[in-house]
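Asks: Knowing the structure of chain A, use the given hints to seat chain B on it.
Number of protein chains: 2
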Amino acid sequence: MGGALPTSAVIRDVGPRDGLQPETPVSVADRVRLIEALITAGVTRIEAAAFVSPKAVPAMAGAAEVMAALPRSPDVTLTALVPNLKGAKLALAADVDELTVTISISETYNQRNVGMSSAESEAVIAAICASSPEAPVDAVVSCAFGSPYEGDVDPAAVAALEGRLRDVGCAAVTLADTTGMATPRRIDEVVDAVGPSIGLHLHDTRGTALVNAYAALQRGVTRFDTSVGGLGGSPFAHGATGNLATEELVAMLDDLGVVTGISVEGLVDAAALASALVGRPVPSRVAGAGPRSRLAGGAP
Amino acid sequence: MGGALPTSAVIRDVGPRDGLQPETPVSVADRVRLIEALITAGVTRIEAAAFVSPKAVPAMAGAAEVMAALPRSPDVTLTALVPNLKGAKLALAADVDELTVTISISETYNQRNVGMSSAESEAVIAAICASSPEAPVDAVVSCAFGSPYEGDVDPAAVAALEGRLRDVGCAAVTLADTTGMATPRRIDEVVDAVGPSIGLHLHDTRGTALVNAYAALQRGVTRFDTSVGGLGGSPFAHGATGNLATEELVAMLDDLGVVTGISVEGLVDAAALASALVGRPVPSRVAGAGPRSRLAGGAP
Numbered sequence: 001m002g003g004a005l006p007t008s009a010v011i012r013d014v015g016p017r018d019g020l021q022p023e024t025p026v027s028v029a030d031r032v033r034l035i036e037a038l039i040t041a042g043v044t045r046i047e048a049a050a051f052v053s054p055k056a057v058p059a060m061a062g063a064a065e066v067m068a069a070l071p072r073s074p075d076v077t078l079t080a081l082v083p084n085l086k087g088a089k090l091a092l093a094a095d096v097d098e099l100t101v102t103i104s105i106s107e108t109y110n111q112r113n114v115g116m117s118s119a120e121s122e123a124v125i126a127a128i129c130a131s132s133p134e135a136p137v138d139a140v141v142s143c144a145f146g147s148p149y150e151g152d153v154d155p156a157a158v159a160a161l162e163g164r165l166r167d168v169g170c171a172a173v174t175l176a177d178t179t180g181m182a183t184p185r186r187i188d189e190v191v192d193a194v195g196p197s198i199g200l201h202l203h204d205t206r207g208t209a210l211v212n213a214y215a216a217l218q219r220g221v222t223r224f225d226t227s228v229g230g231l232g233g234s235p236f237a238h239g240a241t242g243n244l245a246t247e248e249l250v251a252m253l254d255d256l257g258v259v260t261g262i263s264v265e266g267l268v269d270a271a272a273l274a275s276a277l278v279g280r281p282v283p284s285r286v287a288g289a290g291p292r293s294r295l296a297g298g299a300p
Numbered sequence: 301m302g303g304a305l306p307t308s309a310v311i312r313d314v315g316p317r318d319g320l321q322p323e324t325p326v327s328v329a330d331r332v333r334l335i336e337a338l339i340t341a342g343v344t345r346i347e348a349a350a351f352v353s354p355k356a357v358p359a360m361a362g363a364a365e366v367m368a369a370l371p372r373s374p375d376v377t378l379t380a381l382v383p384n385l386k387g388a389k390l391a392l393a394a395d396v397d398e399l400t401v402t403i404s405i406s407e408t409y410n411q412r413n414v415g416m417s418s419a420e421s422e423a424v425i426a427a428i429c430a431s432s433p434e435a436p437v438d439a440v441v442s443c444a445f446g447s448p449y450e451g452d453v454d455p456a457a458v459a460a461l462e463g464r465l466r467d468v469g470c471a472a473v474t475l476a477d478t479t480g481m482a483t484p485r486r487i488d489e490v491v492d493a494v495g496p497s498i499g500l501h502l503h504d505t506r507g508t509a510l511v512n513a514y515a516a517l518q519r520g521v522t523r524f525d526t527s528v529g530g531l532g533g534s535p536f537a538h539g540a541t542g543n544l545a546t547e548e549l550v551a552m553l554d555d556l557g558v559v560t561g562i563s564v565e566g567l568v569d570a571a572a573l574a575s576a577l578v579g580r581p582v583p584s585r586v587a588g589a590g591p592r593s594r595l596a597g598g599a600p
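Chains as they are written, first to last, in the numbering used here: chain A, 1 to 300; chain B, 301 to 600.
Since the hints were made in silico from the structure, they are not lab data. In this text, all values refer to a predicted model and were calculated from it rather than measured experimentally. Heads up, the beta-carbon is just placed ideally off N, CA and C, and yes, glycines get one too. Take these hints with a grain of salt, some might be off.
To give an idea of the chain B side of the interface with chain A (calculated C-beta under 7 Å), a few residues [said to hold, decoys possible]: (1) 448; (2) 449; (3) 483; (4) 506; (5) 511; (6) 514; (7) 552; (8) 592; (9) 596.
Bound-form chain A, shown alone (with noise of 0.2 Å):
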């Protein structure tokens, strides 16, 4: 258990999506403004936008506007979450650079989540693969660590399904700890099944995020989904604190010494923005308390 850790680490921050997606809608302005805010801070993969439907989630309207609206560079990856072929094509149409598809490995969570099987979405991520070689497809495989329905979920599974998401074409999977059931032992063991090449989506639900992350980190995982403030999950359940804070996890990689190229205090400013514009403070102690770094002031 544990070892060496990386030397670098990559963090997609999700906020302007998985985090302001249960929110009371923002404005699109807004949300370009919280992306330049990460941007400024020195985040290089952003999830901005999710192709869905306005009626079913509002908060996400306007995707193609927000897209338009932000400055674009080869330094930066933009993705979009898209939930079928027509939102994947919505998002191509949009110069999205990266695209997110969910599937759960829990039956019942996906059953629950978008009305049909886990098979049934394996075939639909085949299907927007196969139609979208402009832009590299991440799935993203919800409760990998547990399932608020059926309980443990068996390590060899998702090592099985994160196969045939590669053989279908995704480039990239990520593992979802959506309900905050992971520990550092199950990290561990679906790691061990797995592979480190996989990236890490984790909330807080438990208090455990970070220390998730950093058994990850032993393990040799380098990728990370984080929400500036740990905005996310649903701001009227107790408990459902959201995902994992991006400055939480870059403010204790930067004291280990595991490069992100991501500023602290830059994410501090933009966390406070994504306060401002849910209009509630933010979960992340990060942004509440500054680095380990800012000392007390009028200290002699």
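Replies: Showing chain B alone in chain A's frame:
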């Protein structure tokens, strides 16, 4: 970095003292109820009171009454914080099982906290040890992983202070991350310098309390101060999110197979009581979401 985890760990819940100290005073009867709830959950070490000036710390008034009202058992160690010889005498008269004393390795923090130098605090601790042969003394060293005034702390200085505290008669030394400046790297460095036979008292100011506990476990540390519900710190300062929550640590240890003898469900009940006593939700996420074994109700 990292190694096999220990098979068991000892948790001391400091919620009734460190957790409630900054709060609007809670009655003696309600503090006793909270301690009884912790005992019911299986906690066997509890910081139950502080024998301090009730004028200076109104929330801790009635320490002797708390001790007198508690059921006593050889299986449960009841600890009290004492700031000086007078407090130690009152605590021993109240039949306290263990005394905690504090000292900061940060000179500025010590001066601001207790109005004397760290060397003067060492002398006070030596006097308490000399006058209290009937109860072991645990010296809690604040700012051991960083000072909000002086920044980084030299692990060798922590080791030297730990040695001096043992030399004057302290039965145990606990290192506190008072303002959440520890990271797994700082934990590794300090435990490598001091050795694993220390307790850790972690605060979650920057969201790192649980990952720091995990790093310490990997280094062989088995003794942790935690607070039911994650109480502690200032309830009014955003970002000062209190102590490591007992139920968050125990939930993780349960899944890691590290035995504590404590029931997470019992802790969730105690955290609900703590929440009612302070009149707001507690910061602990496990208190809100329950352990990972608690699956969604009504699942098919």
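Asks: Checking against the hints above, which ones are violated?
Replies: No numbers; nothing is violated.
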